[in-house]
Amino acid sequence: MRKLTQIAGPLAVIGLVAIVGSFGSPARALEFVDALVAVSFVVALYVFVGNSGVLSFGQTSFVAVGAFAAGVMSAPVDSKAGQLPDLFPLLSDHAIGNLPSLVLATGIGGLYALLVGMPLMRLSGLAAGIATFAVLGITHNVLRYWTEIGPGAGTLASVPESTGLIQAAVGAMIIVGVAFAYQSSRFGRMLRASREDAAAARAVGVDVHRQRLWAFVLSGALCGLAGGLFVHETGTLTTEQVYLDLTFLTLAMLVIGGAYSLWGAVLGALLVSGFNSLLGDAENGIHIGFRLHAPTGTRIIVLGAVMTLTLLLRPTGVTGGHEFSLGWLGRREPKRPGGTTS
Amino acid sequence: MTTFLQAVVNAVTLGSVYALIAVGIGLVFGVMRLVNFAYGQLIMVGGFALAVTIDWPVAASIGACFATVVVFSLAMELTVFRPLRTASPQTMLVTTFAVSFLLQAIALVKFGTFGRPANSLGQLNRAVSVGNIDIRYITFVALGVAAVALLALVLLLERTPIGLQLRAAAADPATARLLGVKADVVITVAVVIAGLLAAAVAVILTVQSPIVTSDYGLRETIIVLVGVVVGGIDRLWTATLGGFSIGFATGMLGQLLPSGDGLPFTRGVYLDSAVYLLVIVVLIFRPAGLFATRGSAGVERV
Numbered sequence: 000m001r002k003l004t005q006i007a008g009p010l011a012v013i014g015l016v017a018i019v020g021s022f023g024s025p026a027r028a029l030e031f032v033d034a035l036v037a038v039s040f041v042v043a044l045y046v047f048v049g050n051s052g053v054l055s056f057g058q059t060s061f062v063a064v065g066a067f068a069a070g071v072m073s074a075p076v077d078s079k080a081g082q083l084p085d086l087f088p089l090l091s092d093h094a095i096g097n098l099p100s101l102v103l104a105t106g107i108g109g110l111y112a113l114l115v116g117m118p119l120m121r122l123s124g125l126a127a128g129i130a131t132f133a134v135l136g137i138t139h140n141v142l143r144y145w146t147e148i149g150p151g152a153g154t155l156a157s158v159p160e161s162t163g164l165i166q167a168a169v170g171a172m173i174i175v176g177v178a179f180a181y182q183s184s185r186f187g188r189m190l191r192a193s194r195e196d197a198a199a200a201r202a203v204g205v206d207v208h209r210q211r212l213w214a215f216v217l218s219g220a221l222c223g224l225a226g227g228l229f230v231h232e233t234g235t236l237t238t239e240q241v242y243l244d245l246t247f248l249t250l251a252m253l254v255i256g257g258a259y260s261l262w263g264a265v266l267g268a269l270l271v272s273g274f275n276s277l278l279g280d281a282e283n284g285i286h287i288g289f290r291l292h293a294p295t296g297t298r299i300i301v302l303g304a305v306m307t308l309t310l311l312l313r314p315t316g317v318t319g320g321h322e323f324s325l326g327w328l329g330r331r332e333p334k335r336p337g338g339t340t341s
Numbered sequence: 000m001t002t003f004l005q006a007v008v009n010a011v012t013l014g015s016v017y018a019l020i021a022v023g024i025g026l027v028f029g030v031m032r033l034v035n036f037a038y039g040q041l042i043m044v045g046g047f048a049l050a051v052t053i054d055w056p057v058a059a060s061i062g063a064c065f066a067t068v069v070v071f072s073l074a075m076e077l078t079v080f081r082p083l084r085t086a087s088p089q090t091m092l093v094t095t096f097a098v099s100f101l102l103q104a105i106a107l108v109k110f111g112t113f114g115r116p117a118n119s120l121g122q123l124n125r126a127v128s129v130g131n132i133d134i135r136y137i138t139f140v141a142l143g144v145a146a147v148a149l150l151a152l153v154l155l156l157e158r159t160p161i162g163l164q165l166r167a168a169a170a171d172p173a174t175a176r177l178l179g180v181k182a183d184v185v186i187t188v189a190v191v192i193a194g195l196l197a198a199a200v201a202v203i204l205t206v207q208s209p210i211v212t213s214d215y216g217l218r219e220t221i222i223v224l225v226g227v228v229v230g231g232i233d234r235l236w237t238a239t240l241g242g243f244s245i246g247f248a249t250g251m252l253g254q255l256l257p258s259g260d261g262l263p264f265t266r267g268v269y270l271d272s273a274v275y276l277l278v279i280v281v282l283i284f285r286p287a288g289l290f291a292t293r294g295s296a297g298v299e300r301v
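Here the protein sequences line up with chains E and Z, keeping their order.
Position 326 of the first sequence, counting from 1, maps to 325 under numbering that gives the first Met the number 0, and the rest follow consecutively.
Position 27 of the second sequence, counting from 1, maps to 26 under numbering that gives the first Met the number 0, and the rest follow consecutively.
One chain only, chain Z, in its complex shape (with noise of 0.2 Å):
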């Protein structure tokens, strides 16, 4: 029992990591009805800017981490993908992977192979004995960030006139436009936010895995992206939930499999095939995504 509840708490933080960086993808594609692969890359410039500045202050250090990414975030925004937003859903995608390889291969020149470290915030790792549960304070600042952040993000788009407009944007963004939605303001602060959460992410990821390299951030985003599509990429809240879920499931399937020998494939290395199969047969069954409510829209099966 113990080991069941400890490895729900495990799968938990994971799932809330993974929830954040869901709501930063399915924000900008709401807007944009863009996949963003490059997002993950946003989080290894987080990683790395907390990296560099590892002398500094923590504050200040976490401070540089959000003003970095932010800026990278926009950048992007302004240099790749606003030019591109009439361009088919195949070109923006594959040029968001030209982006994330350029991203990378950027990063591997500047530090090398091997990364840099960035543990200033160790100390998070400790943890504290609740029962017999072992609980990390990164848990506890996981869980937190993850809650204020999305009561942040529901705050602001339903009591906000710019939320209003994102929400507006993201339900039907020609008939948005002719009310006089500005696209180009909706999708600046759709940006912004979503290079928040990265930057949040970053700060999180380096808390358990410390050593930052050019790949930072890239398996995370791959698995995030799948559960998003899963969940359902078409609203907000299905696609945070999508992302919690696969999180959760890949947190209790790894702790829960067993490392032995026993039947063929059940051993604990197969878990990644466990959970694409699972993806398999939810999208076969559920194509607009495993929360969507039945016959919604933008989806559909031949």
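Pulled out of the complex, with its shape left as it was, chain E reads as follows (with noise of 0.2 Å):
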């Protein structure tokens, strides 16, 4: 019953969101259709960050891949001739749908997601922090700059923007319930066991390179996945938009969330985005009783200050590290090594 709760109520709260953003208008939609992808990207990074204990910058990458190839593929081929002529004959001369493009997307993601983590999952702590940022490097360079498979340093356009709140919905619920279901199973136990005591985990068995691997490549795959909602949802991409700022900001809605928890996961990308489109509308003013007008660069800086705020008040996150409970709010649970439930 506990775990049906935990994974039930990430669900309602995703379905929720895009039951309410229907309601609004157009542009107001396209704010919660932004949360829910957020949600997809932070979940996604959570898999192999939250489960494992250790810090990748690298997952923008396969968010980055995951993008472009479902961007490239699925631009119509009389746009490609002219905006990406440099492009192999192969990509530029087929076109394919909204959905294999995201299982393409998906695929690919993974795929890189192994090669890199083979050798790289033997690292731990800092150098593997900074082994996964010179993947993130290495890709982003290469993506620039290598014309025959995107758009280089210009801006690849017309991708279908196919991803609307129903599409962004059920994307983040796969990917949650994927999550879920992997942290559940032996294999995310192995993992979480390991995060807490290397080891101990050791001792009693756990492949702990191999623990990672598996769970580096799922992370990569949902990432892939991410970024093809992503792509969809803007009809076009630049190499800058699934770069640092990303990596920054979806690690630190992570954090914030909780990073130790599926629920913190996905809290910490509703909560930075709701109060990011908040402020957004401060910016423009708004009436909340009284009329609220802030001035033109408020909300980054708000945000900023926000951030650290929350980091300061509670460095283990808005959850604590806690699971989904229908008595969160109330409970204060006694406080375990690692602050984890599950």
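Heads up, some of the hints might be wrong.
[Claimed, not checked] Facing chain Z, a subset of chain E residues (Cβ under 8 Å, in silico):
1) F22
2) L122
3) I129
4) A133
5) I137
6) L250
7) F274
8) M306
9) L310
10) L311
11) P314
Hints in this document: simulated from the structure, not taken from any laboratory.
The C-beta atom is built at its ideal place from N, Cα and C for all residues, glycine as well.
Dock chain to chain to rebuild the complex, using the hints, since each chain is given by itself in its own frame.
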């Protein structure tokens, strides 16, 4: 029963966000789609970082590869000749539909993660963080200059904008469902054991390298899918959109929500996105009892300040690493080592 | 041969600036176990201090730069890092992202997208010719500042009581505290020194690239962070050497990679990929750092 609540809660919240979003204007609905795609990014990142306890800056590479694969392959053939003249013939002469492009993004994200993960998953701590950052640097650099596979430093345009509220919500639900299934499986549990105490986990027979690699590949595939959802939301894409800013923002969302629980990943993404939209409104002037009109530029400053303050006041994140439960706000569970529940 | 020597001179200059940044990052990591991503924003603050005081006499302007950066460095420690001292490394690192983001946002709103010029030391860009090599005055300044700063730091660490405490705290914080080393004092000293170094870097960088924008110093800091971990962040001299090496490697590759089309992926635009690939190879074979002794503590492989 408790298990059911843990997964039903996040799914219900995602559904609720989509339903509430459908009542607003098209511009307003777009902000809700944004929030749902953010949930996809952060949960995909959580599958590796949350379960393994190893910091990775590299997951954005899989987002980027997935987004560009889905975008380049689903753009109409006649638009590619004009905007992407250097493209390999195989890529420029074919176009695939929405669903196949998402499957392609998932597959290519997972495959790239497998390739990168095999050597890198032997590393821990700071070395792992910097090595995954190097992967991100290489991915960005190659995507930016290799015009045979994409737009290079230019903008990829005319990608079908098929990610509305429904596709964003279904995509986020699939990613959350897979993440929950993984963390409840024996593989997920072995990896979480290694996060708490690598030496003890190894002593009871957990192959830490292999378990990390599984999580890295699964996370890479989900990141690819999230990237596919993203490119179908925006319709256009540059390499800068899937680089440093996205990496830091998604990591911040994860840590603010609580890096060690799925509920933390979902909540962190929604809270930061929602707050961001609210501040955007405040810059344009809104009525909340009184008329609030914040000067331009307030949004990014307040967002930075609130992120810093949240981390200062709740270093383990808003959820403190706990999964969703019905008495979530009322009950204070005794703190366990590492702050995990499942 | 001449072009090669010229490349070496330029690469050494870049390396010595990066070494200064590496010392600042390595020193703070040593006493706090904190990777300070917001270090680049201290350099940015220094750059803006120079830009705002551009009409002042040069010495006063540089003084203002040092004072401002040290104040920001101390403020960062007191308001953000001190309350988080017992938090997990992940939380600390992400908090420094948030601080970095916040300071950049403030600078962007205050000074705009195009930034401000800080070129009061522009005449240092003039060059003297030694043989066939052009050496700009700023090269001597950069080398001189790096040498003096490193020498002063070594003297401080090796010959003074506070230096001894710093080294003790870096080697084993818990034991050092038991023996009466005050963590707050040691950390404050490290933070002030790191601030002074960031200010020096700001002065040198503004000579080479005088337009100060909100992302000033960010790229350099990221590269040096990578270099510091590659060199070995556990000890100050390996961290410094790592910073110098990545600067030197970037400088050399940048000038020696061909600019036209040759073999696939050998064009100069793939410089970043080449450097990052080297980083990955080094980390796989020497995860504790290139210059770390075998079996050093802190970093393990699974």
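Inset, instruction - If any of the earlier hints don't hold here, list their numbers in rising order. - result: 1 and 7
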